[in-house]
Amino acid sequence: MRQTDLEAIAKDVGAYLEAHENKSLLRFITCGSVDDGKSTLIGRLLYDSKLIYEDQLAALEADSKRSGTQGENIDFALLVDGLAAEREQGITIDVAYRFFSTDKRKFIVADTPGHEQYTRNMATGASTADVAILMIDARKGILTQTRRHAFIVSSLGIRKLVLAVNKMDLVDYDQDTFNQIKADFDAFAETLGRDVDITPIPLSALAGDNITAPQGNTDWYTGPSLIEYLETVEVGDRRDKGPFRMPVQWVNRPNLDFRGFSGTIVSGHVKPGDTLRVSPSGREAVVKRIVTMTGDLPEAVPGQSITLTLDREIDVSRGDVLSSKDSPAEASNQFQARILWMADKPMLPGRRYLVKMGSNIVPATLNRPKFGIDINTLEEKPAKELELNEVGVTTLSLDKPIAFDPYDDIRGMGGFILIDRLTNDTVGMGLIDFALRRASNIHWQAMDVTRDALAEQKAQKPAVLWFTGLSGSGKSTIANALQKKLLAQGKHTFLLDGDNVRHGLNRDLGFTDADRVENIRRVANVAKLMSDAGLITLVSFISPFRSERRMARNLMSEGEYVEIFVDTPLDVAEQRDVKGLYKKARAGEIKNFTGIDSPYEAPKEAEITIDTVDQSPEEAADQILSWLEAEGFLSTE
Amino acid sequence: MTSLTHLDRLEAESIHIIREVAAATENPVMLYSVGKDSAVMLHLALKAFYPGVPPFPLMHVDTTWKFSEMIAFRDRKAKELGLDLIVHTNEEGVAQGVGPFTHGSALHTDIMKTSALKTALTKYKFDAALGGARRDEEKSRAKERIFSFRTAEHRWDPKNQRPELWDLYNARLAPGESVRAFPLSNWTELDIWQYIRREKIEIVPLYYAAERPVVNWEGTDIMVDDDRVPEDLRKTAVMKKVRFRTLGCYPLTGAVESEADTLDEIIKEMLLATSSEREGRVIDRDQAASMEKKKQEGYF
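Just so you know, the protein sequences line up as chains A and E, in that order. Numbering (the working numbering) for the first sequence: 1 to 637. Numbering (the working numbering) for the second sequence: 1 to 300.
Incorrect hints may appear among the rest.
Distance ranges between label pairs, derived from CB positions [what the hints assert, rightly or not]:
| # | chain 1 | residue 1 | chain 2 | residue 2 | range |
| --- | --- | --- | --- | --- | --- |
| 1 | E | ALA152 | A | PHE434 | 36 to 46 angstroms |
| 2 | A | THR423 | E | ASP226 | 26 to 36 angstroms |
| 3 | A | GLU558 | E | SER68 | 53 to 63 angstroms |
| 4 | A | THR377 | E | LYS125 | 44 to 54 angstroms |
| 5 | E | ASP226 | A | ARG253 | 41 to 51 angstroms |
| 6 | E | GLU91 | A | THR423 | 29 to 39 angstroms |
| 7 | E | HIS88 | A | ALA19 | 35 to 45 angstroms |
| 8 | A | ARG253 | E | GLU80 | 22 to 32 angstroms |
| 9 | E | MET239 | A | ASP257 | 47 to 57 angstroms |
| 10 | E | GLN96 | A | THR423 | 52 to 62 angstroms |
| 11 | E | ALA152 | A | ASP614 | 29 to 39 angstroms |
| 12 | E | LEU272 | A | GLY193 | 45 to 55 angstroms |
| 13 | A | VAL251 | E | THR151 | 25 to 35 angstroms |
| 14 | A | ARG421 | E | ASN216 | 23 to 33 angstroms |
Okay, derived cross-link-like pairs now, EDC-like style, lysine to aspartate or glutamate, Cα gap no bigger than 20 angstroms in a straight line [claimed, not checked]:
| # | chain 1 | residue 1 | chain 2 | residue 2 |
| --- | --- | --- | --- | --- |
| 15 | A | LYS23 | E | ASP62 |
| 16 | E | LYS200 | A | ASP184 |
| 17 | A | LYS528 | A | GLU607 |
| 18 | E | LYS200 | E | GLU269 |
| 19 | E | LYS268 | A | GLU116 |
| 20 | E | LYS125 | E | ASP226 |
| 21 | A | LYS271 | A | GLU234 |
| 22 | E | LYS268 | A | GLU7 |
These are computed hints drawn from the structure, not numbers from a lab. Idealized CB from N, CA, C, for every residue including glycine.
Start from the sequences and build out the full structure, keeping to the hints where you can.
See below:
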């Protein structure tokens, strides 16, 4: 802390605190590698704003001697490298948040590593930042990673970039070097296609040049020091001037007389008397009060967490968005979005994930990427799926329409996360570009002859009997036996068999995880059409993944999907090896063979489980038949 | 009122987090430690749900070694605000006579605090616990998420944290798993004091300097809060004008000599201080990575 502050505090702390109560807040992200001196820069910012206490300084000095890289000098990087594992490896592997303040502002710094494999961490840090500091080593100039960092932070909506040209002391504070880097970056920034404001600053984080003030080494530089820039840069204007948007987070209903809608304003202002529209329902109401514990507010602004009451009783719940009547949020269930994949397991087109956007959580299907983006060259490249840290553009379909704005228009209305339905992990992030069509335009073709009529004509209830199990478990044999028995009873059936379908409909698909998912998606949809026709459809597919089986289950009408787990242990199936496939797989001649080098996820919610070790196919078919009879599938009653 | 101050923005973010926990989890609880950070967190929860009351209970893990003034303050606050307060104590530990004087700080903390907390969360089947920890308190906290996951064994895995983007918190859990949510993550100690001052939040009087009986135990001045202080130690007690920067178990909380008996004086002392806040906490004084270890084991 500066001497003048110390004196002011000692003299009249009350006055000092009141002056400091009205600081603004700036969140920024630092991007760069360990070698660029990023941690040193942050350590220096903390040190120069005197946020390091004597005990911490003593510990730092001891640490610097033990494991620092600066000889007898203080290694500022040690201040910010938190986790024990990282300290041993000498790298920062996650996002860390740091805090410091000056007279004018409080700062929250997201400190993220810069290597390619940590793209997801950088995106995480950038998602809440207003300003990005791109670290550049003056000796090396603009590198591939600089371009990558600029692409990520500008994609995430950061419009203010600082080009921190560090280690100027190692190039003798040479102005030409600095100017060349500046020119190189400007030329590259053109290709980003976004309106970004770039401020280059020559620095030495180690020596302290232009961190808070010049040190006499860069007299040719007349721009602001880093701190001056951070203290004065204007952000948040777009949010302030945008149309009103508030995702409803919580309905506050403490008693029958009060019904308030709570949420955080992501764009625009609101005051009593404003007419709001509820999206996606489209209903309208007028704001009555903005309620807080310390009295009603005359107006509320972006970033505030508020509670509104409306002038009439309309249906509003968590997940809805309140927006200004004049420029309301659109609603749709189909989008084009930019996706960054964040999980070790790749994104599988066709698989269902959960989308969390605003206060909504909605199941969604991601389609095959239109193209991937090489984050180093920014060029489009073909992509079938997305791997960890890959970026691509794809379309997605949600199970129900939600209110949104394009991410580039309103950050708080167009960003979403993707959640894996089984592990609950956050596996990706997405930025909505636009809706493919508005939800209101989607209509199903109305049918005169209903599916019920078709089923009734056949004196049966449609069903999809989904046989799953390892290769050679006996699925098709049992399904065949069952189909014969059903035919004998006069039932109308059809058998979809994995091998046969792969010869025709799905002959373009292989056996990668992505293709397996697409394989099942198509088959499930064919089965769905057949059950619409009133048939009892037998599906005999390995279908190794739980999430695809669940997708099939969800596609069918309630109660129509019957999962039959043909539970043959791997050693038994391999011993039978009817088609000789296990032998080939073991010999490495077949790749991605279920049970050998591709997983089989056994069902947890199967309606019927078949034991094929102690039962013949005939007995198994009878077991299923009596289940169907008991459940009423074989009569129309 | 078009521009929000840093306190306004911190307040708004915390309220958003608290509401999200209430909306997205089945059975949340707010861990209330009676200290200044808990006081701020509780105040924010009251604001978040006004005119309703917070839709979750408060829980205090009482080691039976807390300052008696803390307990009195806790009970009065819960009553005044009409909040549901759960007090959980490791009765087995009490029966075995576990305490800092007899068992040492590490074992005492482990049995009466860490393991008691785990037991309580399991007993009441809480799937989310709001806590008042801040990222500026300690280096390993700087990397912890706002929604921080615990396995069914209540362990934290720093290498396997969910990415946290924008203000979209993924609170989905498998059976048995739980989440600790930290609405004060982005607050600093100074922010807390400034907010207490601005909002006129009542805090336990122990934060203010007063004449108190003090003994020196293992190099730290501690207050003689009751007669469980060993008798030969108690005989050395002297009256000193002291206050406490953090509050916990009284034998483990270092007293600092001070004249600061108003809020402004406390803040002044804090701003001019030369040692960081947690120095008064005896349990932190192991090697640098000690907090990370404790957290992996389930310490809050």
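Okay, the hints, checked on the actual structure:
1. Separated by about 42 angstroms at the C-beta atoms, E/ALA152 and A/PHE434 satisfy the suggested range of 36 to 46 angstroms.
2. Our hint of 26 to 36 angstroms for A/THR423 and E/ASP226 is violated, since their Cβ atoms are close to 49 angstroms apart.
3. Between A/GLU558 and E/SER68 the beta carbons are some 60 angstroms apart, a value that agrees with the proposed interval 53 to 63 angstroms.
4. Range check, A/THR377 to E/LYS125: about 52 angstroms between beta-carbon atoms, so the 44 to 54 angstroms window is met.
5. The supplied range of 41 to 51 angstroms is met by E/ASP226 and A/ARG253, whose beta-carbon atoms lie about 45 angstroms from each other.
6. Checking the proposed 29 to 39 angstroms range against E/GLU91 and A/THR423 shows it holds: the Cβ atoms sit about 37 angstroms from each other.
7. Judged by the Cβ atoms, the range 35 to 45 angstroms given for E/HIS88 and A/ALA19 holds: they are separated by roughly 43 angstroms.
8. Remark: the range hint 22 to 32 angstroms for A/ARG253 to E/GLU80 is upheld by a beta-carbon distance near 24 angstroms.
9. Look at E/MET239 against A/ASP257: about 54 angstroms separates their beta carbons, and that is inside 47 to 57 angstroms.
10. Look at E/GLN96 against A/THR423: about 40 angstroms separates their beta carbons, and that is not inside 52 to 62 angstroms.
11. For E/ALA152 paired with A/ASP614, a C-beta distance near 35 angstroms keeps the hint of 29 to 39 angstroms intact.
12. For the pair E/LEU272 and A/GLY193, the supplied restraint of 45 to 55 angstroms holds, since their beta-carbon distance comes to about 51 angstroms.
13. At roughly 32 angstroms, the beta-carbon separation of A/VAL251 and E/THR151 lies within the given 25 to 35 angstroms, and the hint holds.
14. Checked against the hint of 23 to 33 angstroms, the C-beta distance between A/ARG421 and E/ASN216 comes to roughly 58 angstroms, which is inconsistent with it.
15. About 38 angstroms separates the Cα atoms of A/LYS23 and E/ASP62, which puts this hinted pair outside 20 angstroms; it is violated.
16. Between E/LYS200 and A/ASP184 the CA atoms are separated by roughly 54 angstroms; this puts the pair beyond 20 angstroms, and the hint is violated.
17. Distance hint between A/LYS528 and A/GLU607 is fulfilled; the C-alpha atoms sit about 18 angstroms from each other, no more than 20 angstroms.
18. The straight-line distance between the Cα atoms of E/LYS200 and E/GLU269 is roughly 19 angstroms, inside the 20 angstroms bound, and the hint therefore holds.
19. Distance check on the hinted pair: E/LYS268 and A/GLU116 sit about 45 angstroms apart at the alpha-carbon level, beyond 20 angstroms; violated.
20. Only pairs whose Cα atoms come within 20 angstroms are accepted, and E/LYS125 paired with E/ASP226 is rejected, the gap being roughly 34 angstroms.
21. For the hint pairing A/LYS271 with A/GLU234, the CA-to-CA distance comes to about 25 angstroms; that exceeds 20 angstroms, so the pair is violated.
22. Pair hint E/LYS268 plus A/GLU7 holds up; C-alpha atoms about 11 angstroms apart against a cutoff of 20 angstroms.
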